[in-house]
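J.: Sequence:
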Amino acid sequence: MTTALQPSLPSHPLLRLRLAPRGGQPHHIDGAWWPHSYDLLAELPRLLAGLPRAWGHISSVTVNGATWAATPGRMLVFNQVVRLSRSTAASAPHTVCLLAPSRGRWDLLVVPPGTPRSTAEPLMAAAAGGDT
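In the UniProt record's numbering, the protein residues as written are 1 to 132.
Some hints could be false.
[As the list claims (entries may be wrong)] Estimated spans, in silico, between C-beta atoms of each pair:
(1) Gly104 with Phe78: 15 to 25 Å
(2) Ser118 with Leu76: 30 to 40 Å
(3) Pro116 with Asp39: 12 to 22 Å
(4) Ser37 with Thr88: 18 to 28 Å
(5) Gly114 with Leu14: 17 to 27 Å
(6) Asn79 with Pro122: 35 to 45 Å
(7) Ala126 with Val81: 12 to 22 Å
Because the hints were derived from the structure by calculation, they are not lab data.
Cβ coordinates follow ideal geometry from the N, Cα and C atoms, glycine included.
Given these sequences and hints, build the entire structure.
T.: Encoded structure:
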């Protein structure tokens, strides 16, 4: 198992995450995440720390292999092992899939890090509103 030491969170601005409201109809996309880079080892701890507690411990994260920087197969995040997978599925190039045992699966739209705020914010709002 390859692990990364838990770094202190970088001094980036706040987590850029918008989630769809709970309840109601199921969503194909459960929200949007606008990371600051495609470095999963740097970005994932901040994302996981900002998720609702009701989602439980995220044990597996799948990202697009062509988009994200290479990662180890596992990572230690806040004293929890998270399995990292890379997908090459053309159907979901801009999503990240989060799995929590006995809790569920959540798919987030990933807004590319270099996207201008004027473009990113409407995308995130649409994803959080279930309009994607």
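J.: If a hint holds in the structure, say so; if it doesn't, say that too.
T.: Right, here's what the structure says about each hint:
1. Gly104 with Phe78: 15 to 25 Å: holds, 20 Å
2. Ser118 with Leu76: 30 to 40 Å: Roughly 37 Å apart at Cβ, these two residues keep to the hinted range, so it holds.
3. Pro116 with Asp39: 12 to 22 Å: The hint (12 to 22 Å, Cβ to Cβ) holds, given that Pro116 and Asp39 are roughly 20 Å apart.
4. Ser37 with Thr88: 18 to 28 Å: holds, 21 Å
5. Gly114 with Leu14: 17 to 27 Å: The hint (17 to 27 Å, Cβ to Cβ) holds, given that Gly114 and Leu14 are roughly 18 Å apart.
6. Asn79 with Pro122: 35 to 45 Å: holds, 37 Å
7. Ala126 with Val81: 12 to 22 Å: violated, 34 Å
Comparing the model with each numbered hint stated earlier shows that hint 7 is the single one that does not hold.
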